[in-house]
Amino acid sequence: MPDTATTAAEPPTNPAAGRIDRVLDRVADGLERPVHGLGAVTGTVGERFSGWGRSRPLAAASGLLARRHSLIALILYLAGAIVIEYHAVLHPGTEIAGNIVGDPTQYMWAMWWWPHAILGGLNPLVTHAIWVPDAYNLGSVTSTPVPALLLAPLNALIGWRAGPVVSYNLCMLIAPVLSAWLAYRLCLRVTGAPGASILGGWLYGFSAYFLSQLQGHLNLAFTFLPVALALLALARLNGDISRRRFVTLAAVALIAQIGIGTEIVFTTTCLGAVAVMTALLIAPPDARRRIVGRLVPELALAYLVAAVVCSPLLYYALIGPAVNPGYNSRLNVADLLSYVIPTPLFRVGQNRFLPIADLFPAAAGFTETGTYLGLPLLAGACAGAVAAWRHWGMRVLVLCAVVACVWSLGPTLIVAGQATLPLPWRLLDLKPAFDEISPVRIGLYVELAAAVACAVWLARPGRWRAWRWLLALLAVAFIAPNFNHTLPTGQPIFAENVSSPAFITDGLYRRELRHDEAILPIPFGPFGNSLLWQAQARGYFREASGWFGYYPDGYRSSLTVSELLSFHPFTDPYRHLRHFLGAHDVGAVVVLPAAAGPWPHVLTQLGLRRVETGGVWLYRVPARLRLLRGGS
Amino acid sequence: MSSSTSPALPPTGLRSSAAVSSRVGSTGSATSFPRWFRDGHGALAVVVYLAAILVYDHTAATHLNTVCGCALSPDPTQWMWSWVWIPYAIAHGLNPLSTHLLWAPGPFNLAAATMAPVLAIPGAPLDALFGPVAAWNLLAFSAPVLNGWAAYRLCRYLSGAPWASILAGFTYGFSGYELAHQLAHMNLIWTFAPPLLALISLRRLNGEISRRRAGGLLSVLLVIEFGISTEIFFTMICFTALALVLGWCLADSVVRRRILEVALVLAVALAVTVVVWSYYIVLSFQGPQVSKGFPALYPADLLSYLFPTNLFRLGRQFFAGLSGSFVTNDVTEQNNYLGIGLIVIFFAYAVSRRGRRDTRLVVLLTAVAFIFSLGTKLTIAGKPTIPMPYALLAKLPFFDLLTPSRLGMYVSLGTAVAAAVWIGSASGPRRRVGRWLLGLFAAALLVPNPAFTNASFNLRETNFTQPSFFTSGLYRRYLHPGEVVLPLPYAYAEDGLSMLWQADAHMSFALASGYWGPQAPGDYAANPLVPGLTLGLLPAHAAADLDALAAAHHITAVLVADGESPGYLRMLARGGWRLVVNAGGIMVYRHPGPLPAPG
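These protein sequence lines map, in sequence, to chains A and B. Note that my numbering has the first sequence beginning at 1, numbered continuously upward. Note that my numbering has the second sequence beginning at 633, numbered continuously upward.
No lab work stands behind these hints, which were simulated from the structure alone. From a predicted model like this one, the values you see are computed outputs, not experimental measurements. Certain hints may be false.
Cross-link-like lysine to any residue pairs, in silico, SDA-like; alpha carbons within 20 Å at most [unchecked claim]:
{"hint": "1", "chain 1": "B", "residue 1": "K1027", "chain 2": "B", "residue 2": "E863"}
{"hint": "2", "chain 1": "B", "residue 1": "K1009", "chain 2": "A", "residue 2": "T269"}
{"hint": "3", "chain 1": "B", "residue 1": "K1009", "chain 2": "A", "residue 2": "V348"}
{"hint": "4", "chain 1": "A", "residue 1": "K431", "chain 2": "A", "residue 2": "L399"}
{"hint": "5", "chain 1": "B", "residue 1": "K1009", "chain 2": "B", "residue 2": "L938"}
{"hint": "6", "chain 1": "A", "residue 1": "K431", "chain 2": "A", "residue 2": "T269"}
{"hint": "7", "chain 1": "B", "residue 1": "K1009", "chain 2": "A", "residue 2": "P344"}
{"hint": "8", "chain 1": "B", "residue 1": "K1009", "chain 2": "B", "residue 2": "P1029"}
{"hint": "9", "chain 1": "B", "residue 1": "K1015", "chain 2": "A", "residue 2": "T269"}
{"hint": "10", "chain 1": "B", "residue 1": "K1015", "chain 2": "A", "residue 2": "P461"}
{"hint": "11", "chain 1": "B", "residue 1": "K1015", "chain 2": "B", "residue 2": "L1028"}
{"hint": "12", "chain 1": "B", "residue 1": "K1015", "chain 2": "A", "residue 2": "V406"}
{"hint": "13", "chain 1": "B", "residue 1": "K1015", "chain 2": "A", "residue 2": "V348"}
{"hint": "14", "chain 1": "B", "residue 1": "K1009", "chain 2": "A", "residue 2": "V340"}
{"hint": "15", "chain 1": "B", "residue 1": "K1027", "chain 2": "B", "residue 2": "C870"}
Pulled out of the complex, with its shape left as it was, chain B reads as follows (with noise of 0.2 Å):
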């Protein structure tokens, strides 16, 4: 307990001094951790954000096992596999970090994938008891409402003032970026830890915790972080270190001492974690690596934090055709919207309090942030145009990697601790009832459109009904147990659930697919056909290239979803692949005779 322990620092640092802090009266601050869930306030964040993310996805969270709250996108499907992959492979005395059963006969390095093993501890239990929707749902629905609330006991922390922090920490959980991430990507929704992070590392820098307990907190942070995406620890690192350096250089010589110290509690648990995860390190460096050229591919549109994309409810009529000729149509990337609410306020944070070294601090990380997330080049309504700093980032290594338009999340951080400390600190009923209606309109801004459909994606609300092939058993009556099967949909493709398919049925087939990034591997990206498939779009010579996909990875059997393609059925029958049966949703169809040797 911190009230116990003896600080290694006084209590009379930064916190009194205003630099970093600009708490008033705040009682917050000083309880314990454990005192955290008593705390009223905070209790109360909890239920708000929780009735917010139950509302936005009400049909989701009435049909827990059959809708999800997601796109129908094969990115679902990865993480909804690796809570059956994980327990399989540890039951199986298997590397859960290496499978065979995608791209048979593999094996395929998972650790170079975004698997988040992490989620699986909750996941895994989950999926085996609801199914992997239900499982998917209940995660998803969990992780705005911890995000809302670390961002809320940061702000509150900063601000003092537990209303305008609640407010503030609900722009944060239920960011765009937020948003539009739920729609996809299960390892990109948990930003808990930025805040947290700021939070502990503020705690000691004001000697309010230990520094053995601010290390292990930081420790466990920073492992479990790690273990959901390593993207996200990745840019953690770099903005935490970013703040070290920019908070040495406004403090003076007393909190610089602070600062060198909360870097090494930082470095050490930095450390740890390293130690923790070095097996998963080691093979993640292995590749392939799935996300080359992201930084050019994926930047935020500039006018893409002022304008609403379909995802958003208010607005939305008016600005589709502007936000449709943001640099991505990929709507999960579209994560940058902040509404002119949140803008306004900020501005109003930074020019109010400029005199001061904490708003620098904020401003500073902010408009880090914001300029790394316009990406190599700045990108207004679709138009490439000037260079940006980020150019020069994307030639180092890991920053390579990295999708610039993500870096949105830390700039939604900083405009929530912009409000809170804007509409915490208002005097006068005036200007409070003023600062409050602008805070709320903010967060108006955010409420998503619950009927958000566009031309490829049905949003926000998927059926995910899987084929009664795989979840009655049929498929132990036509499959051989580890055989290697083609299915078509391919995985790439947009309703290509066959890692699902391969969940339901407990891994009892292997897959001449996967979806683990964009990039198939490179035996099979050799083939016409792999692209092809992607794509809907089958090459010329498709039966032979099948024949020929077939010989090379031993593929047996293929299992076609009813009311696919017709061209599929034609490329099967010109290759003499024969139906077996139709039974359950889904086609099996066998070649009757040997395949040609590969190559």
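If we strip away everything but chain A, and leave its shape as in the complex, we get (with noise of 0.2 Å):
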């Protein structure tokens, strides 16, 4: 009987670690032979370092088998992607994969906002397009420029009534398959195995916190710059690319990432930081060394370059208002349970977990909700852990996850909605910089680091093969999306129609208000799409509204603001209307009929006149009332 011979074998005094000696044995033996598995990562026991990270049974392999394992992970990917959003492939101009309202609209406005300003000599961090006639500082707010800038020319190619649109399809698009495929191409470095490493990379590339900023956040759906940098750092402590073309691409991503959002940049090098502390604590000498004198500084030099390019964002950046301080970095957190309990984003469990998942801070919509990993990728991920353990890469992967875990559940341990045990991030959530955090989004980190694990487990030789797949692909199945759940609504989760009033698309706003004039639109802010209009309609109108990170002194003060965001007009919203538009200069109120709410009443009893054109009710605002500036 095996187990006999296990028993056997075994030291008496600890037959555990025993066992896994012999199993890394087994595993250094079966390097000598091509194996794609965890050779990689434990092959080389008594060179602990070198082995980490060093693709060797890949290396041994010839280069075109390599390059038809990339094509088909990210044909692989390309092709989940787009069953994931073919609502938005099949209707690009129109409809996007996602269900929040106004969100989206800020990526879209970017689109246009940056080739606009640059190419019409204007400061693209500062506009005064929206929030009139504030100065909106663009910087400290998450707009886009990578993007917006690299798809400008399609935008124009395509016409920019569809171009918004089509571009932040496209993004979303994109952003899955790269984080997915430099996962893939990070698990293949750390386990030599492709299939193992193309499920790893489809863990991470479609994991719930994919699905999760899938419903509208564009700058937090591109998530390469952890894996990238992950990535270039094994490669460079390897020797496997020179210094400057290390320097030359951890700047490029890190340049790309604040180009798109911030936010990841920031956690990415919190974490990063962790590891690389960790693993000068517990890693041998040789990989100290390296990590010392070689990956910290050119890390360093990276940063530097990143830095002094994005300058100017990271001026506007440093010196706009925070977001929302404090706000997002306590409620934004996540629920402990939401690790295993899945929302019904996921097919898997759909709404039978909805009274627990209900109970989930922030779960509105679920969009902050993605931390599900799902009990197979959780068992996968642990065993993976338990089985490499030995190496001190996968010692620091798990502390790093075991830091994301922490730092994502927030000040306080949340279970089921309820808050119990404070928890160390009570010391840095309120600090600068990490009171705009949302903990939530740290799942993130957890997510990468469970792919990765799961790889290196599945990528192990010996038994139980079949059924170490059989365990990986319920880890797929586990976080597949549910293209049936509704909204209450009826709106289905992974669609949400953006088409803007023929007001808009058919250029009947050229019509009915003047260029530059400002207008009221009505649903406001982020209950609307006005800043897709504005969009579509290339700035021809300035708004008195807007939907991004903060609002300007000017509007959050109003009571007509709170008004308009709340659907409920205090008890003399005449009055603060009245001053409202006189304050902010608006020229005319657009109203969209179907979210109009109380305001057709209100603005008739102010005595304005209502002209339906184009979709839109248009109540022009007389000039006596435009002359009552400033008494707001």
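Mind assembling these two chains? They're in different frames, but the hints should get you there.
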């Protein structure tokens, strides 16, 4: 019996350790053969540092084979993204794969704004097109210059009516593919096993985090930076790439990510620092020397280059107002159960766990509950961690995952919606920069660690290979999206129609509005698509509205803004609105009838006349009201 | 003596093949049973456990006859009553398994209830000598010590590590299960049988005791357990059967033969038990089935294994809100807490010894107990989610009467075994210190909260001082021997201690009430006053209902405890009941005229 043999081989005092030793020995033996498995991780047990991260079996294989697997991975991920976002793929100009109103229009607006500002000689980091007449600092919000500038030619080619939505959809399609493919490369470097790596890449690229952010956060859907930096760091540590190449590629990755969103850069940097410090504590001396002498200074140089290139953006980000400081950092936290209990976004589980998922913090829409791993992935990752625990690289990975997990839980451990123990994040959550982070999004790094550990486990040689693959495929199935789920409004969760009224698409606004005239759109701010309207109109009009991270001073204290956001006029809405229109020099109020709420009545009571045109109700604001400037 | 008895099997069995036992240099396992008591570590274990329970329940220990180490609820009065009833029935030539003194005129079938007749053997003399509360306290102090010691013996046998086994025995003897049921359920706190059954079976499997000795010991054990709790008896038999099947699947052909032989010995012991308790069994089938529907009502909340309730000292302040959302508000059924320490130890054990068949067996059995304890639907923070395998079992006879959450006891036993083996097998000083620290932390998490109260219970320390109307014999002047009385508060109510009144009065009157399970007998339940009195919500025509109840059951007096709800007094006044005397903390009411005819 194999078990008997196992027992006989174990030292009597510590049989478990003996067993692991023997497994590692077997793995080391297996390295002599071209086995794609854990060999790359633990293959050189006596030379542990160089073992981690060197895709030795792959190197042994032909370059053609490697390229073929890369291509297969890419095609697979692209197919996956197309299936998940099929609504958007089928109707790229009018539908998006998400359900948040408002947020996606920020990125669509940016698609227009950045080329418009640069070509027009304007400061692209400050705009007067929204929140008139204030100057709005785009450096401190998610203005995504990199996708906007890269896709500007495409927008110009297909026209601005459909361009912003198409570009947004294209980005959302590319984001998971890029992340997954880089994660595949990382797993391949760690394990040397293409099959396991393809699966590991999928687990990261199409993780719960991505499905959540797919709902409307383009800047957060791009998660290539941590993987790219890890991949480059491993390659550099093993001497596979030159210093210049490492610094250049790392700087490019940093610049690209800064140009998409600074949050991921900040959290990646924090957890990268944790990884480096942990490695310095537990890595063998040779590895420590390379980290201190090679990796850290070269990485610092890459950061410096990126900071210089992005200095205008970073400058405006630093001088700009903080976005909801202390709000996201305390409220957008992960529930402990969210790592194992699926939200309705997932096919397996569907609504069966909805009573629990509804208790999670920030559960509305499930855009900020992207920490779900599922039991199979958790089991696979734990098994991978146990199997390769003796390798310092795995220990660093696990410790980083633990830090990320604790960080994601926020300042207080929340279980099934109940606040329980205070957690370490409490020490940092109100500190500058940290106070703008949503801890729940740190779950991304847990998912990355889980994907890598699972790939390591899957790549191991030996028995139970079929069972391991079955579990791994189950892990994939557990994070498969639930296309059947609909919101209470009946809208599918992975599809939202963002088509604009004919007033915008047919150019009727040119007839009804003056150039550069300010409008008040209703629905207001985050509840409407007025940013998209403006982008599609190529900035023909300005807005006494907008939707980015913060409200300018002139709006934050306005009662009308509160009323517009709450759909509930207060005791004297007429006076408030009259002063608001005057203070912001609003020339017309554009109301979408389907979401007008009580406002047509209020506007009529103010004496404004309604004109029905192109699917909107237009209320021209007479000059007598606009003369009340400053009266608010 | 096993040393002098020729074992039926050679002593080169599973132990040497490490398929069942993983002992490393143990000296304890080869000793015969009487030598257990000369085992220094065993004695130390008993001292430690005894000291622990006396510290935990120090108020009850120092006020033995007035403060009960239990919750103020009618549950404990059941067993206190039975310790008077059984000697009374035997002395008067009555059937002790059927009484006419509860739910008069009865008869009420006590075999269908949780009377635990075996506990009357120590309980009755203790009650006679020191009173009912002292008897409860002394037995309640003994149970965790005995349970812990039994688990210690099993753990020591499996791990060969006496100190780790003492710790593991503690985690079983003072588990979340034990502490929760100590509040109210005398029949459920005796959980020594499962570890002892496992120990005897393993020793037989390894050929360390003879077949006859094993059969005899198992028979005694099963007979005792049946007489304490048929529920634990049944679940223990099920898990033993499952263990044998799983062991058979995991073992090689030699061991399989021995497993079959052990199964045969167990079957004989089971047959002996059935014969001994045959009359009881026949009566118990006549019902009523008091726990019908419990599988759906009392599942273990998934989170209850990890997060402490108010019952525990450490962490309670942080997790009070969470534990308040658990599936049942009945703290006596929130009995699954293991704590993060034991859970981590269990997983470490499972991972570090994952290739071994004994580990697989322990892990599988614990997993099955865990999954079944979750009941018919997975409940998380009080929210039912997906169906669970117990939903299939709950359709079967007997299983439909079980309380799934109580299967957590077997999870507790599995984790105790894991703790003993894992801590005991540590090699090297650093690893040993680390594992011991974790083990001590796990044990510390199980320390109870001395000031455990909640809205509806005074928990862990209850003053059971009885009205002097009964204790001083005053009742003899105002109640006729054998007459039927209605007690208020009613036996169901949280402070309904009338069965204890009756016990204090040496069964001199019959009660138109009783508390053996949540259902009143059919003829009582039909009267709307009975559920009203239970919930403290009197129906609209309470006076008329009382008259009807009195006429139907020949109630001639109503006993009202001092300070009870004025609603009771108004009901009695409206019905024409007159106060005869208010003495010794009891008001006696009688009806002046003839009551309306029943029906």
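Outcome of the hint check:
1. Between B:K1027 and B:E863 the alpha-carbon distance is near 17 Å, which keeps this suggested pair within the 20 Å criterion.
2. With a C-alpha separation of about 44 Å, the suggested pairing of B:K1009 with A:T269 is violated against the 20 Å cut-off.
3. With a CA separation close to 17 Å, the supplied pair B:K1009 and A:V348 stays within the 20 Å bound.
4. Taken as a hint, the A:K431 and A:L399 pair is broken in the structure, with Cα atoms around 23 Å apart against an allowance of 20 Å.
5. In summary, the hint linking B:K1009 to B:L938 is supported, as the alpha carbons are separated by about 18 Å, within the 20 Å threshold.
6. Of the pairs offered as hints, the one joining A:K431 and A:T269 holds, with about 16 Å between alpha carbons and a cut-off of 20 Å not exceeded.
7. The hinted pair formed by B:K1009 and A:P344 meets the criterion: a straight-line CA distance of about 19 Å does not exceed 20 Å.
8. Straight-line distance between C-alpha atoms of B:K1009 and B:P1029 comes to about 19 Å, which keeps the hinted pair within the 20 Å bound.
9. At most 20 Å may separate the alpha-carbon atoms for a hinted pair to count; B:K1015 and A:T269 exceed this at roughly 39 Å.
10. Only pairs whose Cα atoms come within 20 Å are accepted, and B:K1015 paired with A:P461 is rejected, the gap being roughly 42 Å.
11. Distance check on the hinted pair: B:K1015 and B:L1028 sit about 25 Å apart at the alpha-carbon level, beyond 20 Å; violated.
12. Taking the CA atoms of B:K1015 and A:V406, the gap is near 25 Å; set against the 20 Å cutoff, the hint is violated.
13. Taken as a hint, the B:K1015 and A:V348 pair is honoured in the structure, with Cα atoms around 18 Å apart against an allowance of 20 Å.
14. As the CA atoms of B:K1009 and A:V340 are separated by approximately 17 Å, the hinted pair is consistent with the 20 Å bound.
15. Taking the CA atoms of B:K1027 and B:C870, the gap is near 16 Å; set against the 20 Å cutoff, the hint holds.
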